[in-house]
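Use these hints to put chain B onto chain A, whose structure you have.
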Amino acid sequence: GENVEQHPSTLSVQEGDSAVIKCTYSDSASNYFPWYKQELGKRPQLIIDIRSNVGEKKDQRIAVTLNKTAKHFSLHITETQPEDSAVYFCAASHLPGKLQFGAGTQVVVTP
Amino acid sequence: EAGVTQFPSHSVIEKGQTVTLRCDPISGHDNLYWYRRVMGKEIKFLLHFVKESKQDESGMPNNRFLAERTGGTYSTLKVQPAELEDSGVYFCASSQFFRGAYTEAFFGQGTRLTVV
Chain A
1 GENVEQHPST
11 LSVQEGDSAV
21 IKCTYSDSAS
31 NYFPWYKQEL
41 GKRPQLIIDI
51 RSNVGEKKDQ
61 RIAVTLNKTA
71 KHFSLHITET
81 QPEDSAVYFC
91 AASHLPGKLQ
101 FGAGTQVVVT
111 P
Chain B
1001 EAGVTQFPSH
1011 SVIEKGQTVT
1021 LRCDPISGHD
1031 NLYWYRRVMG
1041 KEIKFLLHFV
1051 KESKQDESGM
1061 PNNRFLAERT
1071 GGTYSTLKVQ
1081 PAELEDSGVY
1091 FCASSQFFRG
1101 AYTEAFFGQG
1111 TRLTVV
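If you read the protein sequences in the order shown, they are chains A and B. 82 is the number that this note's numbering gives to position 82 of the first sequence; each next residue is one higher, with no gaps. To convert a position in the second sequence, counted from 1, into this note's numbering, add 1000.
Same shape as in the complex, but just chain A (with noise of 0.2 angstroms):
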């Protein structure tokens, strides 16, 4: 089955610097990569996703980047403020719906 490892588990950042959080996928049939932003006692919510026939998609200050050869993706978030701290949970699927997650980066921008 598909294995999604993600890299930093905790990330420490100046407020205004980039945040890059990385995950590797192992199924090379997973074709859908979402994000998701999980604020200390809220729910886990979709902040940007991305599919197999994109290499690069951006929203504001996030943007995320897929390279299907090496089987992994990336998370930036640019400009960074206080309220980007959170913990970010990378996923893959090729499955609807059946999400694999990475362990999630628990992330803290200091003012």
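There may be inaccurate statements among the hints.
Here are the simulated lysine-lysine pairs, DSS-like style, with alpha carbons at most 25 angstroms apart [claimed, not checked]: (1) Lys71(A) / Lys42(A); (2) Lys1041(B) / Lys42(A); (3) Lys1054(B) / Lys1044(B); (4) Lys1044(B) / Lys71(A); (5) Lys1078(B) / Lys71(A); (6) Lys42(A) / Lys1078(B); (7) Lys57(A) / Lys22(A); (8) Lys1041(B) / Lys22(A); (9) Lys1078(B) / Lys1015(B); (10) Lys1078(B) / Lys68(A); (11) Lys71(A) / Lys57(A).
Derived from the structure by calculation, the hints contain no laboratory data.
For chain B alone, coordinates are given in the frame of chain A:
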């Protein structure tokens, strides 16, 4: 529009007892999923309903776990008897078909289960 709601938000039970978790998906969403996160590890897939049918239950840990979705609306996940290793946060999510594709999965806030 109400999101995915889960009850209870927290549950503390003793080993050997039974617990039932409930999930109300977003109205009209045919797809309902259960996931679990144990002790800071990854969120793991448990099973997937399409309406009232179990589409995929390959992630269910063992036969102490029973999920139902009678009528294709809300779902319950029963753990009987509960063991210590069942402790974790149980998430429910729902999604819909739109133009032949699945929409994003919307998550509930989770039920934190502690077995003592």
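We went through each hint and held it up to the structure:
Taking the CA atoms of Lys71(A) and Lys42(A), the gap is about 30 angstroms. The hint is violated against a cut of 25 angstroms. Between the alpha carbons of Lys1041(B) and Lys42(A) the distance comes to roughly 17 angstroms, so the proposed pair stays at or under 25 angstroms and holds. For the suggested pair Lys1054(B) and Lys1044(B), the alpha carbons sit about 17 angstroms apart, so the restraint of at most 25 angstroms is met. Simply put, Lys1044(B) and Lys71(A) have alpha-carbon atoms about 20 angstroms apart, close enough for the 25 angstroms limit, and the pair holds.
Of the pairs offered as hints, the one joining Lys1078(B) and Lys71(A) is violated, with about 37 angstroms between alpha carbons and a cut-off of 25 angstroms exceeded. The suggested pairing of Lys42(A) with Lys1078(B) holds, with an alpha-carbon distance near 23 angstroms, which does not exceed 25 angstroms. Taking the CA atoms of Lys57(A) and Lys22(A), the gap is about 15 angstroms. The hint holds against a cut of 25 angstroms. For the proposed pair Lys1041(B) and Lys22(A), the alpha carbon gap of about 16 angstroms is at most 25 angstroms, so the pair holds.
Pair hint Lys1078(B) plus Lys1015(B) holds up; C-alpha atoms about 14 angstroms apart against a cutoff of 25 angstroms. The suggested pairing of Lys1078(B) with Lys68(A) is violated, with an alpha-carbon distance near 39 angstroms, which exceeds 25 angstroms. With a C-alpha separation of about 16 angstroms, the suggested pairing of Lys71(A) with Lys57(A) holds against the 25 angstroms cut-off.
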